[in-house]
Every structure is written in structure tokens, then in C-alpha cells.
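Trainee: Below are the chains, spelled out letter by letter.
2 protein chains.
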Amino acid sequence: MLGLSRPTLRSDLALLVMLGLVDAKPKVGYTPGSAVSAGSQAGRKLLGLKVSEVQAMPVIVRETASVNDAVVSLFLENVGSLIVVDEDGCLSGVISRKDLLKVTLGNPGASTMPVSMAMTRGANVVHVSPDDSVIDAARKMIHHQVDSLPVVVPSKADPVNGRTRWDVVGRMTKTIMTQILLDLVADR
Amino acid sequence: MLGLSRPTLRSDLALLVMLGLVDAKPKVGYTPGSAVSAGSQAGRKLLGLKVSEVQAMPVIVRETASVNDAVVSLFLENVGSLIVVDEDGCLSGVISRKDLLKVTLGNPGASTMPVSMAMTRGANVVHVSPDDSVIDAARKMIHHQVDSLPVVVPSKADPVNGRTRWDVVGRMTKTIMTQILLDLVADR
Chain A
1 MLGLSRPTLR SDLALLVMLG LVDAKPKVGY TPGSAVSAGS QAGRKLLGLK
51 VSEVQAMPVI VRETASVNDA VVSLFLENVG SLIVVDEDGC LSGVISRKDL
101 LKVTLGNPGA STMPVSMAMT RGANVVHVSP DDSVIDAARK MIHHQVDSLP
151 VVVPSKADPV NGRTRWDVVG RMTKTIMTQI LLDLVADR
Chain B
1 MLGLSRPTLR SDLALLVMLG LVDAKPKVGY TPGSAVSAGS QAGRKLLGLK
51 VSEVQAMPVI VRETASVNDA VVSLFLENVG SLIVVDEDGC LSGVISRKDL
101 LKVTLGNPGA STMPVSMAMT RGANVVHVSP DDSVIDAARK MIHHQVDSLP
151 VVVPSKADPV NGRTRWDVVG RMTKTIMTQI LLDLVADR
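Read top to bottom, the protein sequences are chains A and B.
Note that the first sequence covers residues 1 to 188 in UniProt numbering.
Note that the second sequence covers residues 1 to 188 in UniProt numbering.
For the record, the hints were derived by calculation from the structure and aren't laboratory data.
A few of these clues could be false.
It does not matter which identical chain is meant; a pair holds if it fits inside one copy or across any two.
[As the list claims (entries may be wrong)] As a list, the in silico DMTMM-like pairs of lysine to aspartate or glutamate whose alpha-carbon atoms are at most 20 Å apart:
| id | residue 1 | residue 2 |
| --- | --- | --- |
| 1 | K45 | D88 |
| 2 | K140 | D158 |
| 3 | K156 | D167 |
| 4 | K156 | E53 |
| 5 | K45 | D131 |
| 6 | K50 | D158 |
| 7 | K50 | D167 |
| 8 | K156 | D131 |
| 9 | K50 | D183 |
| 10 | K140 | D69 |
| 11 | K156 | D86 |
| 12 | K45 | D183 |
| 13 | K156 | E77 |
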């Protein structure tokens, strides 16, 4: 058996090279090659991918804007939700198509209401940081059943009730997640 | 150099085994192991994954239902859009939160309107078959800028204007795409 081990190793390596799973690099022996890395790269790349590398521009509305203004920018920008900011530009809430629909149905006065009355606010707004992994963002979206997340960094503005305030720097969406899935296949 | 090739091969293989990239199988030598296949499996699995394996239950509304009914099932079922069917149960259209928002804003009479007046209809409805790959579905969603797709099969109902009609068997969403992304990482 020992006498057979060398050719066995050899031919298995030859097979690996043939399958593109190992690259032949004569001077240093065999190292994991392009197909191995292309394969596990998909996963590794995914694990290493940061929110900042794929985030979209935030679409922002002031909390004093009207529900009508919000609906208009939602359609103009073709997004599913808007990020609401206060007078200092800090994160104040998120308003989704769902929130808007809830408030507008059978309520003709809704269009002049301020956004702040219809939005999901403050502590209930799930957000991510630019340095978070895309996978963590995906997990948050699934767990909290939201279609998008504001990407935020701590703000220099004064804390309110001892709570850090956040500057909005981007937006993560399930559309971005779907695009990443496509890119994974295209990369192969 | 030739004299060194054997230990080099050996230690590289040992390294591969250690990294989990190659499994040691004494009797047949070394074969690509779990990590290699888990790695390229992610991509391969993704390419081979069919809509039927991951689709969600369709959430359906009749075209004669009112806009108010549609909004209610949208909230009850917690979905982004509803699939609209005709009297034979065949695909007639899709109505999204966006369509509903467009029709309800500042229009107090909207809630009693039939869904058929607010939906995206017929030939404009992008759909997929259960046998299509998930990647094709993702591509359609990105290309047509929609958040979900009805999954359909040809219906036995009579064609209308020479056009095949479709039975609705499922629903694909960007939420499912986001979940697949998470599963790819969990599988590794």
C-alpha cells in the first residue's frame, strides 16, 4: 500500500489540476487554484463584503414634510421607503409604502399630515453601519421583516435623552441583496 | 528539485487537508472534499436552484374585489403585492403597494374601486415558471424593477385572444432572494 501511495497522490493531484480545482505551480508545488478560490471565493467574498461597498444613496425626507411630499418622492425616486431626518439632519425615522398606505386609505386629510405622524420612529428603526457585513444586514432585514435599512454613523450632534444620534450615509435594500446574488453567479 | 517534489506535494496536500479543502480518503487517495464542494457548491447550487424549490404561497385576490379588500389582505398577509386572478382563477394582474398608494392618495372614493382598475395587467405582468432557475427570476426582478413575481403554469382554461392563460402556483420575492443569500453563507 505504501508503495502505491505516491502514484495515487500524483494521479489524484493530476485530476484536481485537470478539474481546475488545483493550479500547477511547478516551483512551489501545488496551491489551491482559481476554481477552488472562485468557488469558495463566492462564499468568502460574501462573508467579507461590507455594507459600504454596495450601499445605495439614501433617499431622505424631513420630518416636517407632508405625507403628500413623501409619496411624491417615493414615486420620483422609485424607492420602497424614505429615510426621515430631523432639523439637524439626524435619523428620525423611516416611512415605507406600507406606512403611507395605512395612513392614506380612506383618509382624504392624510396628504397634508406631517411625515412624522406616519413614520416608524426612533428606537424602532433598525439600522446598519457602513462597516457591518452585508450578511448581517440581510439577517436584520429578514429578522425584522423590513425591505430596507438606513446606513448610519454616529453624529456629532448632541445626544437626545442620552441617546446617540445618527447621520444617514446610505441605504441597504433587498434589491441590492438580489443584485449580489446575480453577481455571485456572474463572477464564477 | 525533482527530489524535493514528493515532500512538496505531500506537505501541500497536508495543508489542503488541514484547511479542509481536500478530504483524506486513504483507500482511493485524495478527492475534492467538503470545503471545496461547499465552496463551489454555493455557486453550483445557486445555478441549479429552481423557483419551485424556494417559492412562497401566492397571495391572491379576485379582480372584482375592492381596493379596500386588497389593502386589508396586503396587511393581513404582510406581503408587498397581491396576485389578481379572473373568474376562472387565471392570472389577470398584479397589484402592488405602489399601485394602491397611487390610487388611494387624495382619492377618498378609491377604497370601493375594483382592484382591476388599479392593477398592472395582462401582458405587462412579468412572471416565471416553477422550472425556471432562481437566478433567472432574480434577473427578471432586477430588469423589470419589480419586488415579486407570480409563479405560473399554463392553464387548461380556454385561451383569450389566442393567448395562453396561466394558473398561479406560487410567488417569488426579493425577500426569498435575501434568504437564499443567508443560506449560502450558513451552508458553508
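Trainee: Now look at each hint and say whether the structure bears it out.
Mentor: Now for the hints, and whether the structure bears them out:
no.	hint	in the structure
1	K45 / D88	neither (36 Å within a copy, 47 Å between copies)
2	K140 / D158	neither (27 Å within a copy, 45 Å between copies)
3	K156 / D167	within (8 Å within a copy, 56 Å between copies)
4	K156 / E53	neither (24 Å within a copy, 48 Å between copies)
5	K45 / D131	within (15 Å within a copy, 29 Å between copies)
6	K50 / D158	neither (28 Å within a copy, 51 Å between copies)
7	K50 / D167	within (18 Å within a copy, 41 Å between copies)
8	K156 / D131	within (18 Å within a copy, 53 Å between copies)
9	K50 / D183	both (15 Å within a copy, 18 Å between copies)
10	K140 / D69	neither (28 Å within a copy, 30 Å between copies)
11	K156 / D86	within (14 Å within a copy, 56 Å between copies)
12	K45 / D183	both (11 Å within a copy, 15 Å between copies)
13	K156 / E77	neither (28 Å within a copy, 41 Å between copies)
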